[in-house]
Every structure is written in structure tokens, then in C-alpha cells.
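> Sequence:
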Amino acid sequence: MKKSLARLDLNLLLTLQLLLQELSVTKTAKKLNVTPSTVSKSLSKLRDWFDDPLFVNTPQGLRPTPLASSMEASLSDWLLIGSEIVSRRGDEAPSGVRFNLGVESPLSLIMVDELTKRIHQTYPDSKIKFTNWDYDSLEAITRGEVDIGFTGRESHPRSKESLDLLPYYINFEVLFTDLPKVYLRKDHPALEQEWNLATFLRYPHINVIWEKSESWALDEILIELGLSRNVNLTMSSFEQALFVAEKAGHDMLTTAPKYCQSYCQQLHPDLVALPIPLEDQQLDKLMIPFTMIWHKRNNRNPKIKWLRETIKGLYCG
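Residue numbering for the sequence shown follows UniProt numbering, starting at 1 and increasing by one per position.
Hints listed in this document are in silico derivations from the structure and should not be mistaken for laboratory results.
Since this is a predicted model, take the numbers as computed values, not measurements.
Just so it is clear, CB atoms sit at the ideal spot from N, CA and C, and this is done for glycine as well.
Some hints could be false.
Cβ-Cβ distance ranges computed for the label pairs, FRET-style [as the list claims (entries may be wrong)]:
id, residue 1, residue 2, range
1, Ala248, Thr58, 53 to 59 Å
2, Arg202, Leu23, 52 to 58 Å
3, Leu233, Arg98, 37 to 43 Å
4, Ile276, Lys312, 46 to 52 Å
5, Tyr135, Glu220, 17 to 23 Å
6, Lys312, Leu191, 33 to 39 Å
7, Ser69, Leu233, 41 to 47 Å
8, Leu191, Asp113, 29 to 35 Å
9, Pro277, Thr122, 42 to 48 Å
10, Tyr169, Arg98, 30 to 36 Å
11, Phe176, Tyr135, 22 to 28 Å
Computed list of lysine-lysine pairs in BS3-like fashion (alpha-carbon distance at most 25 Å, straight line) [as the list claims (entries may be wrong)]:
id, residue 1, residue 2
12, Lys312, Lys127
13, Lys27, Lys127
14, Lys27, Lys41
Using the sequences and the accompanying hints, generate a full structural model.
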């Protein structure tokens, strides 16, 4: 027999959501400012309602049953929608809202100031967390640990980071495209020569690992031409590569997104940016579609919808 929602104390659903987050009766009680006994009684009522144990005890703490796990994302959405509805009854904005963003670095450093201001204007008591986009970020979006990702993908037809290869349950929107540049010191010897492919490949490169890969679309294009880069140094981020490229005492250069020019103007003024010396047809394969990524289950989530529109308004184009 189908149970009537009117018979359920909706406060129990808040307890259930916190139990799914904390996996501990004691920690949940602390969050709710009640005793562990109160939480245990609430859990007993939830078990009766759903006719399921919901959690089992393990040495590592509570482990949710498949039914409980299946409700986690829906409970999160329900609470957010509830906050939005309550906020419409007066002038007070919803409080305690959390925003978790996975953003490519150093793009995160460029966008953090203005985006944070916009979030706090609408959600004054919100908590914002920026994490660097990496190999595991898609999984974090799937698990609900990241609300929105903002990162570059690749256009090369053989790339493993193509938008076409995103999982079916991931939604995305391209906000702008970026053509990477070559970054080198103002006194680099390459600047005294004709800037062409031979000059570009004559000097050693600082490479950047991207999503656990040490090669990218540029390397695929060079292989097609029977060429390759001389990689003398590999770093884990664009910031590191740009930092080293600016230092004296070497003749290395690096490649990084075009948007890094504004980052360099502030932190690395002795770097200059040059185009990658390839034909237009080859450069088309290097285009990076910078993309906003979220899970399909969040299509109607009011917080995520607001965040998507805000990011789009700030950074599209």
C-alpha cells in the first residue's frame, strides 16, 4: 500500500540526509544539536517507514544500504528546493548553501574573485569550495561531491578528452574556445629568430601533465608531421610550468591556454606569448572548448541552475 507523505515527519528526511553525509549517529546528532538517542529513534522511524534497515554497522561506521544510497542525490535536491521555497516567504536569502566547483587551474584563480562575489550577493551565508579539475573530477560530479566542473576539453579527433566521449549522464555547455599559446621569457633566444615551427621545436619544452596524460593534441599533430617536441621538464600544472619558464638560466619554453596571458600579466610579467606556429587546419585541431559540466540529475536543481547562469553570464565569450 502506498503511504501518504502527510503521515511522514519531514524532519526525518533531514536526519536521513545528514546520516548519509556523516555515516555516524554521533556526528549527525552533533550537527542537529540533539542527543545520539534522538537520532537513533529517528532512524528507527525511518526504517519502519521505508521497510529497510537503511544503514548497517561496520567497524568503519555506518554503511548505507542500496536503497539509502539511491536516495542521497534526491534528498540533497529536495533540501535545496525547500530552501528556495522558504526564501520566497521573506527577504532573507537561503543560508548555509554549499557550492563545490571543480575548475581548471589557473582559470580558478582568475575567476574566483568575481564569481565568489556573485555567489555571496545571492547566498550571503554560503560556503564555497574550489578544487582543481583533475582526472577524478568527473567521478566527483557523479558522486555529487562537485556541483559543476569548468575545464577545457580537446578538439583533436583522436583525443581521449573529446566532448563526444563524456558519459551519457553528464551534461555540458561550451562557454568559449581557447587556442593555446607558447610562453617564453622576454629575453629568450627564440625571439631573435624567425618564429616558425623549426624555431619552436629547436628549444626544449616544459610539458604539463593533463588528466594523467603527458601528451596532448599538439603531440598528435607533430606525429602526423613526423616531428616531436624535445621535452626536458614535465610539471603537474600550468602555474608551475609558467613559473619555471620565466626563470633565467635556461632556454626552455612552454605551452598553456591563451587565457593564461591575463594570469601572466599579474604574476609573470617577464613572459611573452606567441602563437603556436602551425597551419590553420592544424590549429583547428588544437582548439580547446572550455566547458561547463554537470550531472543530468541536477538539470532542475535551483542552486545548480543559478550557478550555471551566473558562470555563463560572467565568462561566456
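> Run every hint past the structure and note whether it holds.
Against the structure, the hints:
1. Ala248 to Thr58: 53 to 59 Å: The hinted range 53 to 59 Å holds for Ala248 and Thr58, with Cβ atoms some 57 Å apart.
2. Arg202 to Leu23: 52 to 58 Å: holds, 57 Å
3. Leu233 to Arg98: 37 to 43 Å: Holds: the Cβ-Cβ distance is about 38 Å, inside 37 to 43 Å.
4. Ile276 to Lys312: 46 to 52 Å: violated, 28 Å
5. Tyr135 to Glu220: 17 to 23 Å: holds, 19 Å
6. Lys312 to Leu191: 33 to 39 Å: holds, 38 Å
7. Ser69 to Leu233: 41 to 47 Å: holds, 44 Å
8. Leu191 to Asp113: 29 to 35 Å: holds, 32 Å
9. Pro277 to Thr122: 42 to 48 Å: holds, 45 Å
10. Tyr169 to Arg98: 30 to 36 Å: violated, 22 Å
11. Phe176 to Tyr135: 22 to 28 Å: holds, 23 Å
12. Lys312 to Lys127: holds, 20 Å
13. Lys27 to Lys127: holds, 20 Å
14. Lys27 to Lys41: Holds - the C-alpha atoms of Lys41 and Lys27 are around 15 Å apart, at most 25 Å.
Consistency with the previously given hints fails for numbers 4 and 10, ordered from lowest to highest.
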